[in-house]
Amino acid sequence: MERQARFVVGAVVLLVLVLGPLVHPAYELLSPGIAGRLSLSALTKTCGMVLVLGNLPRNRPGAPDLGAALAALRSR
12 MERQARFVVG AVVLLVLVLG PLVHPAYELL SPGIAGRLSL SALTKTCGMV LVLGNLPRNR
72 PGAPDLGAAL AALRSR
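Letter by letter, the sequence shown follows residues 12 to 87 in my numbering.
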């Protein structure tokens with residue numbers, strides 16, 4: 012999950028750096044905001060992006076299959 016969050020943040024920063032010179036210089040003001048949020052995230056040991064990414068279907072755990080778990084334990 013942490014790797015996904017770092018990937019998204021890196022992609023957003025790169026997008027901001029590309030959009031700034033090409034579209035409008037105001038986009039470059041997003042980079043300090045992203046850096047500030049990352050610093051706050053490190054200080055508080057919380058990450059809102061991880062909470063958002065955790066709600067994506069790929070990151071949700073499936074319903075546990077008790078039969079498969081018992082079969083795996085019996086085969087040991």
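Think of the hints as simulated: they come from the structure by calculation, not from any bench.
Being a predicted model, the structure only gives us computed values, none of them experimental.
Heads up, the beta-carbon is just placed ideally off N, CA and C, and yes, glycines get one too.
Incorrect hints may appear among the rest.
[Stated by the list, open to error] Using C-beta positions, here's what the derived DEER-type ranges look like:
#1 E13 x L81: 26 to 34 Å
#2 A80 x R48: 37 to 45 Å
#3 G65 x L33: 30 to 38 Å
#4 S42 x R14: 52 to 60 Å
#5 P43 x L84: 33 to 41 Å
Cross-check of the supplied hints:
1. E13 x L81: 26 to 34 Å: 32 Å, holds
2. A80 x R48: 37 to 45 Å: 39 Å, holds
3. G65 x L33: 30 to 38 Å: With Cβ atoms ~33 Å apart, the hint holds.
4. S42 x R14: 52 to 60 Å: 21 Å, violated
5. P43 x L84: 33 to 41 Å: 52 Å, violated
Violation of the numbered hints given earlier is confined to hints 4, 5; the remaining hints are satisfied by the structure.
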